[in-house]
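Q: Spelled out, the chains give:
Protein chains: 2
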Amino acid sequence: MEQTIRVELSETLKEKPKTDQLEFGRVFTDHMFVMEYTEPLGWHNPSIVPYQPLTIDPSAMIFHYGQSVFEGLKAYLTSDGDAQLFRPERNLKRLNRSNQRLCIPEIDEKLALKAIKELVALEKDWIPGAEGTSLYIRPFIISTEPYLGVAPSRHYKFIVILSPVGAYYKEGINPVKIAVESQFVRAVVGGTGEAKTGGNYASSLKAQEVVAKEGYAQVLWLDGVEKKYIEEVGSMNVFFKINGEVVTPALNGSILEGVTRNSVIQLLKHWNVPVVERKISIDELHEAYKAGQLEEAFGAGTAAVISPIGQLTWRKEHLVINNGETGEISKKVYDTLTEIQYGKTEDPFDWVEKVSVPSKVKHA
Amino acid sequence: MEQTIRVELSETLKEKPKTDQLEFGRVFTDHMFVMEYTEPLGWHNPSIVPYQPLTIDPSAMIFHYGQSVFEGLKAYLTSDGDAQLFRPERNLKRLNRSNQRLCIPEIDEKLALKAIKELVALEKDWIPGAEGTSLYIRPFIISTEPYLGVAPSRHYKFIVILSPVGAYYKEGINPVKIAVESQFVRAVVGGTGEAKTGGNYASSLKAQEVVAKEGYAQVLWLDGVEKKYIEEVGSMNVFFKINGEVVTPALNGSILEGVTRNSVIQLLKHWNVPVVERKISIDELHEAYKAGQLEEAFGAGTAAVISPIGQLTWRKEHLVINNGETGEISKKVYDTLTEIQYGKTEDPFDWVEKVSVPSKVKHA
Ligand SMILES: Cc1ncc(COP(=O)(O)O)c(C=O)c1O
Ligand SMILES: Cc1ncc(COP(=O)(O)O)c(C=O)c1O
Numbered sequence: 001m002e003q004t005i006r007v008e009l010s011e012t013l014k015e016k017p018k019t020d021q022l023e024f025g026r027v028f029t030d031h032m033f034v035m036e037y038t039e040p041l042g043w044h045n046p047s048i049v050p051y052q053p054l055t056i057d058p059s060a061m062i063f064h065y066g067q068s069v070f071e072g073l074k075a076y077l078t079s080d081g082d083a084q085l086f087r088p089e090r091n092l093k094r095l096n097r098s099n100q101r102l103c104i105p106e107i108d109e110k111l112a113l114k115a116i117k118e119l120v121a122l123e124k125d126w127i128p129g130a131e132g133t134s135l136y137i138r139p140f141i142i143s144t145e146p147y148l149g150v151a152p153s154r155h156y157k158f159i160v161i162l163s164p165v166g167a168y169y170k171e172g173i174n175p176v177k178i179a180v181e182s183q184f185v186r187a188v189v190g191g192t193g194e195a196k197t198g199g200n201y202a203s204s205l206k207a208q209e210v211v212a213k214e215g216y217a218q219v220l221w222l223d224g225v226e227k228k229y230i231e232e233v234g235s236m237n238v239f240f241k242i243n244g245e246v247v248t249p250a251l252n253g254s255i256l257e258g259v260t261r262n263s264v265i266q267l268l269k270h271w272n273v274p275v276v277e278r279k280i281s282i283d284e285l286h287e288a289y290k291a292g293q294l295e296e297a298f299g300a301g302t303a304a305v306i307s308p309i310g311q312l313t314w315r316k317e318h319l320v321i322n323n324g325e326t327g328e329i330s331k332k333v334y335d336t337l338t339e340i341q342y343g344k345t346e347d348p349f350d351w352v353e354k355v356s357v358p359s360k361v362k363h364a
Numbered sequence: 001m002e003q004t005i006r007v008e009l010s011e012t013l014k015e016k017p018k019t020d021q022l023e024f025g026r027v028f029t030d031h032m033f034v035m036e037y038t039e040p041l042g043w044h045n046p047s048i049v050p051y052q053p054l055t056i057d058p059s060a061m062i063f064h065y066g067q068s069v070f071e072g073l074k075a076y077l078t079s080d081g082d083a084q085l086f087r088p089e090r091n092l093k094r095l096n097r098s099n100q101r102l103c104i105p106e107i108d109e110k111l112a113l114k115a116i117k118e119l120v121a122l123e124k125d126w127i128p129g130a131e132g133t134s135l136y137i138r139p140f141i142i143s144t145e146p147y148l149g150v151a152p153s154r155h156y157k158f159i160v161i162l163s164p165v166g167a168y169y170k171e172g173i174n175p176v177k178i179a180v181e182s183q184f185v186r187a188v189v190g191g192t193g194e195a196k197t198g199g200n201y202a203s204s205l206k207a208q209e210v211v212a213k214e215g216y217a218q219v220l221w222l223d224g225v226e227k228k229y230i231e232e233v234g235s236m237n238v239f240f241k242i243n244g245e246v247v248t249p250a251l252n253g254s255i256l257e258g259v260t261r262n263s264v265i266q267l268l269k270h271w272n273v274p275v276v277e278r279k280i281s282i283d284e285l286h287e288a289y290k291a292g293q294l295e296e297a298f299g300a301g302t303a304a305v306i307s308p309i310g311q312l313t314w315r316k317e318h319l320v321i322n323n324g325e326t327g328e329i330s331k332k333v334y335d336t337l338t339e340i341q342y343g344k345t346e347d348p349f350d351w352v353e354k355v356s357v358p359s360k361v362k363h364a
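So the protein lines, in turn, are chains A and B. Under our numbering, think of the first position of the first sequence as 1, with each following residue one higher. Under our numbering, think of the first position of the second sequence as 1, with each following residue one higher.
Simulated from the structure, these hints should not be mistaken for laboratory data. Incorrect hints may appear among the rest.
Pairs involving identical chains hold if they fit within one copy or between any two copies, as the list cannot separate such chains.
Unchecked claim - With a straight-line Cα cutoff of 30 Å, these simulated DSS-like cross-link-like pairs (lysine-lysine) come out:
hint	residue 1	residue 2
1	K290	K114
2	K332	K157
3	K157	K213
4	K213	K93
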């Protein structure tokens, strides 16, 4: 039986920001989705309600023991005025994998997808139309039981909020400088690195703060055990083109399995570009660089899609990649992925999921 | 200049739970302390207000990126009816060390101590008087800026809540069974293990869930790199008596520096019991056990003070320690620490800090 989602419309609608003034994650739409978990009821009362502050006891577990998970995806507006999502089932599957790791009761992925689609349909006028803009979708789960014990919470809220976001690249795709992180560790096998949970991001702030002062955009994370193998770049998965072959670190338990990562791999295979998932050490990368074989490097994630790496600094040595310019493969992957996301090119993989806007949804 | 704390008293007071029905962390007192951080003001408006739910935007960083820290200490009632704290400055120093790691602006430790004392004084009637009971004090800081970017928040709340708690040992101090954790990792050097931040506890839930099903009280955490060196037990520091000498893992960056740990070390030195902080591997422990030299083992933390380990299970082998009974040193440390905390014996280290209850504080 399909669950219905209760809808309570907001009485007043906010003014929408001007497209050219959009930032990332600062403005939110008029409504949000909320669903509660309590025992023995389980997940219940799925509702779309006016966007509003949460009222939570100061002893709620989320404030103390950080039991939480989240996701991030986008809704794109096509030139026909349709709203569409990019592989949303993968985000919801990953949300449930994160739930397992964090001892949070799993959600019904079908219901969650339906909730996202209904919310996006209702807020369709919030999807900005300009090049590179989109509506960022943030599903998240927080533990709300008022109890100071270190144990899984027995109350949760699953919430989805939406934020119109500007183009990541205001002046075209642009390579960044990255510092190889030598002191801090993002994640370790046996920890929570492959889950999307708040603690991973809280622990990453310090490293970011240190390198930002030195002019770097992000850090390249090495593994927590040997500080040798490459894991991710900032909050993105990472790819290197070495002597004609594209290499990305294999999933090992401490790397987040990105939707973009998976899409890049599929695209490259589709194009018959050699691509391999394997362990890759920073020493190997350095060797390849010295041999003139490090041809491209880029991060891959929902926010930027592709973020070319123009320079990598390791032990004070600056490895300048592809003259600090965006590589050919980086550019081709970026163009193709964004064209699929915005419905400008065919979608051979069936990645795009249309959001149908029922005529009964009224727009202000 | 000393800052004054604004006080807004609650109009209605709650009914206090019966002493014999006290649990841990489920009931909270009538008031709480709150202080806000915004830029450029910094920390401001320190206030004692009625205990109440927090109203926080769903986009607030705490719900997404887990930027938070906390502390835990207790107020004890002496037989003279005085309220006293145990080494509270150490908790506030540790809170600021945690703040540094989590990119949270440091607090004024003096003001925080004053806030705790004034709050405890106001709520003095909430400190239960029965043997082993106390008033648990939970200072914590959460990031409240409504922004979905992975960056340090620019708004925070520092809050202190109080909860009357029952005796940890209802039927006398009692040894527990512990499983050596082989799959999951609590912390790794370069991560956040030495900070008291939510993510560490969220990531520990899974291991605890798995072993609890097999009848163990807690896990013994090994280091995240070699899975070999002993770090902590559950949410406590750990001590072993091996052939007459007490050994505890040295602080290495992934172990929390416990106030109880430090007090145990000082007590043992005071008694001329050999005590050493050093790396200790699970293999060494196993060897000592086989040689009949593993004489005692115990966890140490604010909640239980001392938690004797009666059995340690490693690779399916059950190491029964001291016949599963509480060891002599464990007992002596437990008795002395609790006697100091409750003001039943002299305090040669000046650990105890009295809370003065001004006559103008009215009790219901
Ligand atoms: C740590 C981390 N790695 C990788 C990614 C990329 O994943 P995706 O492509 O699904 O956005 C993200 C973010 O989204 C992330 O937070
Ligand atoms: C992870 C961890 N280790 C050790 C301790 C013991 O510290 P303390 O003695 O200060 O309570 C605690 C808790 O308080 C803890 O959470």
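Q: Each hint: holds or not?
A: These are the hints, each one checked on the structure:
1. K290 x K114: neither (51 Å within a copy, 59 Å between copies)
2. K332 x K157: neither (40 Å within a copy, 46 Å between copies)
3. K157 x K213: The answer is between: 26 Å across copies meets 30 Å, while 37 Å in one copy does not.
4. K213 x K93: between (37 Å within a copy, 26 Å between copies)
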